[in-house]
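A.B. asks: Okay, here's what each chain looks like letter by letter:
Number of protein chains: 2
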Amino acid sequence: MNAEKESAFAGKRVLVTGGLGFIGGRLSQRLVSLGANVVVADALIPEHGGHLRNLRRAARRVQIERADVRDRATMAELVRGQDFLFNLAGQTSHMDSMTDPETDLEINARSQLSILEACRRHNPQVRVVFASTRQIYGRPDYLPVDEKHPLRPVDVNGINKLAGENYHLLYDDVHGIRSTVLRLTNTIGPGMRIKDARQTFVGVWIRRVLEGEPFEVWGGAQLRDFTFVDDAVEAFLRAATRREAEGAVYNLGGPPPMTLLALAELLVELNGGGSFVVKRFPAARRKIDIGDFFADAGLIERELGWRARTSVRTALAKTLAYYRKELGHYV
Amino acid sequence: MNAEKESAFAGKRVLVTGGLGFIGGRLSQRLVSLGANVVVADALIPEHGGHLRNLRRAARRVQIERADVRDRATMAELVRGQDFLFNLAGQTSHMDSMTDPETDLEINARSQLSILEACRRHNPQVRVVFASTRQIYGRPDYLPVDEKHPLRPVDVNGINKLAGENYHLLYDDVHGIRSTVLRLTNTIGPGMRIKDARQTFVGVWIRRVLEGEPFEVWGGAQLRDFTFVDDAVEAFLRAATRREAEGAVYNLGGPPPMTLLALAELLVELNGGGSFVVKRFPAARRKIDIGDFFADAGLIERELGWRARTSVRTALAKTLAYYRKELGHYV
Numbered sequence: 001m002n003a004e005k006e007s008a009f010a011g012k013r014v015l016v017t018g019g020l021g022f023i024g025g026r027l028s029q030r031l032v033s034l035g036a037n038v039v040v041a042d043a044l045i046p047e048h049g050g051h052l053r054n055l056r057r058a059a060r061r062v063q064i065e066r067a068d069v070r071d072r073a074t075m076a077e078l079v080r081g082q083d084f085l086f087n088l089a090g091q092t093s094h095m096d097s098m099t100d101p102e103t104d105l106e107i108n109a110r111s112q113l114s115i116l117e118a119c120r121r122h123n124p125q126v127r128v129v130f131a132s133t134r135q136i137y138g139r140p141d142y143l144p145v146d147e148k149h150p151l152r153p154v155d156v157n158g159i160n161k162l163a164g165e166n167y168h169l170l171y172d173d174v175h176g177i178r179s180t181v182l183r184l185t186n187t188i189g190p191g192m193r194i195k196d197a198r199q200t201f202v203g204v205w206i207r208r209v210l211e212g213e214p215f216e217v218w219g220g221a222q223l224r225d226f227t228f229v230d231d232a233v234e235a236f237l238r239a240a241t242r243r244e245a246e247g248a249v250y251n252l253g254g255p256p257p258m259t260l261l262a263l264a265e266l267l268v269e270l271n272g273g274g275s276f277v278v279k280r281f282p283a284a285r286r287k288i289d290i291g292d293f294f295a296d297a298g299l300i301e302r303e304l305g306w307r308a309r310t311s312v313r314t315a316l317a318k319t320l321a322y323y324r325k326e327l328g329h330y331v
Numbered sequence: 001m002n003a004e005k006e007s008a009f010a011g012k013r014v015l016v017t018g019g020l021g022f023i024g025g026r027l028s029q030r031l032v033s034l035g036a037n038v039v040v041a042d043a044l045i046p047e048h049g050g051h052l053r054n055l056r057r058a059a060r061r062v063q064i065e066r067a068d069v070r071d072r073a074t075m076a077e078l079v080r081g082q083d084f085l086f087n088l089a090g091q092t093s094h095m096d097s098m099t100d101p102e103t104d105l106e107i108n109a110r111s112q113l114s115i116l117e118a119c120r121r122h123n124p125q126v127r128v129v130f131a132s133t134r135q136i137y138g139r140p141d142y143l144p145v146d147e148k149h150p151l152r153p154v155d156v157n158g159i160n161k162l163a164g165e166n167y168h169l170l171y172d173d174v175h176g177i178r179s180t181v182l183r184l185t186n187t188i189g190p191g192m193r194i195k196d197a198r199q200t201f202v203g204v205w206i207r208r209v210l211e212g213e214p215f216e217v218w219g220g221a222q223l224r225d226f227t228f229v230d231d232a233v234e235a236f237l238r239a240a241t242r243r244e245a246e247g248a249v250y251n252l253g254g255p256p257p258m259t260l261l262a263l264a265e266l267l268v269e270l271n272g273g274g275s276f277v278v279k280r281f282p283a284a285r286r287k288i289d290i291g292d293f294f295a296d297a298g299l300i301e302r303e304l305g306w307r308a309r310t311s312v313r314t315a316l317a318k319t320l321a322y323y324r325k326e327l328g329h330y331v
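Protein chains in written order, with this note's numbering: chain A, 1 to 331; chain B, 1 to 331.
Take the hints with a grain of salt, since some may be wrong.
What the hints assert, rightly or not - Some residues of chain B that are not near chain A, with every Cβ distance over 12 Å (derived):
(1) Arg60
(2) Tyr167
(3) Asp173
(4) Arg207
(5) Leu260
(6) Lys279
To be verified - Restraint-style ranges between C-beta atoms, simulated for each label pair:
(7) B:Ser33 x A:Trp218: 49 to 57 Å
(8) B:Gly35 x A:Glu246: 56 to 64 Å
(9) B:Leu143 x A:Arg307: 33 to 41 Å
(10) A:Asp71 x B:Gln63: 46 to 54 Å
(11) A:Pro214 x B:Gly176: 30 to 38 Å
Treat the hints as calculated values from the structure; they're not laboratory data. Just so it is clear, CB atoms sit at the ideal spot from N, CA and C, and this is done for glycine as well.
Okay, chain A solo, but in the shape it has when bound (with noise of 0.2 Å):
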């Protein structure tokens, strides 16, 4: 696998819209490693995920543009010519999404939009991984959720993230877009978002954790899976070589899933200490919390033989460990 896709990026030429985000800047690195010349577009809105450090070492092979997708102009020229394009840049807060809908609106379904469109009349070649959510489904009416699960959005983000979703869908099918979408559940690891719970509420934890503050588990009985970010990253590198996966559709699930109570008992342990207070949901996010879930990643890895290999308790380690160098950087 490695040397396949070694050769599948070596030498081309890959643009990353979110590619200083959490997700974003560990693929960046990657694509690096194997060879690839890295275009990396991020706004770095501070309410976002994007951070110059979470490009590491990488940092100075990549080229880095200021770019935000809703600018039409910037985009079109940075599609340009690109083999590959790793759609992962968005507007990830639920509550966000509630307060100031229209600007998630723009992000997530009408950039989307502008982006595809720009594909179409200036590379109509490039290869495209879009990175949506598992926000889409709403509450399960099942578990585990697989991509046939119906699509009832419980806010304005998993609603724009479906327009976008579908976006990329279609234009795979009537234009010829080769795309890719990818429903991501949890994702965890070093480079998230820990300033706050605008990407994960896991992020906050580790802030409060790693300040010796107690962290706050809301409800605490919902079952959740999480996916470690080098897992999610071999999964797009996966999706935008191979070609069964044009025009397809796969959850993302991590290892088996537990309750947000068992993880945070997990934290306090792996960090030798450490304290949280259960709270009742608030009534605000009581509104659109979609209570157990995970997803079912059969599909995916049945068609690209992708599945999630490493443990919580391992990606917990290693996030923890990172931010405890990191901190700093990062609140």
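Let chain A serve as the given structure and place chain B on it in line with the hints.
C.D. replies: This is chain B only, laid out in the frame that chain A set:
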């Protein structure tokens, strides 16, 4: 039912977006006859369905605002103080949505979100009915298509209408803006756009047959169902006044479906002459065509007692009679 509806709308303030359109115009006439104070908002975009004659004699009894749903400030003013909002303004052409996808997004998705935000801020008591479309289902897995059918839109229009629909359901659920979604199938009747096929192919058939020109039938074996406009209007009125319709999604459906060939033959028969040519589907259209489609309207029948009462024969005959007099105004 009539007495009930009279009391529901008498003296009430009603805003109809797209109120000079085919269905919006007919609905506005009915609302006037039920004693409502009707404000009609319509941009009269030449490629869309608005036409001053669609209000007929009611034109003198409604307040007509030339307003585009894309204009946030105007729409925010117009929704203030309304008891009902019938939200029918839209871009309906599937082909136009493919050649100019961002305009379709602006009208069918972004503007809907802005209107709902305006309701949330300035008029959370308003009762909303949104005109959605069977286009969001895409190519049917089974027939007739009920509301549980997967949503896999095959053009930009379907993707954006789905987002528009989802916003309405979300604002009902989370913000208490009581909304009903009606998924319309092919609607026909006096007032439909006949200049071209931007609203429905039946429109341009009517025009051609009245002008003594052969019309084109693409394919011909496809099954479709056709709702008469007055039946559709009745569904809007019921949806707006019944508590069980709040937060609900209903298909409208027609009388039993027929093939396009059978419809073409019926049209020629009712016109007392005319001809058509059967053509292979043009390539650009084939990619976004949905094949056979007819809706299961059992849910709205069970919950609201609505069903399509007008046969296709009667609907076509009334439409022909209207355009025999009005043709010159509409082409």
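A.B. asks: Quick one: which hint numbers does this structure break? Sort them smallest to largest.
C.D. replies: 2, 3 and 10
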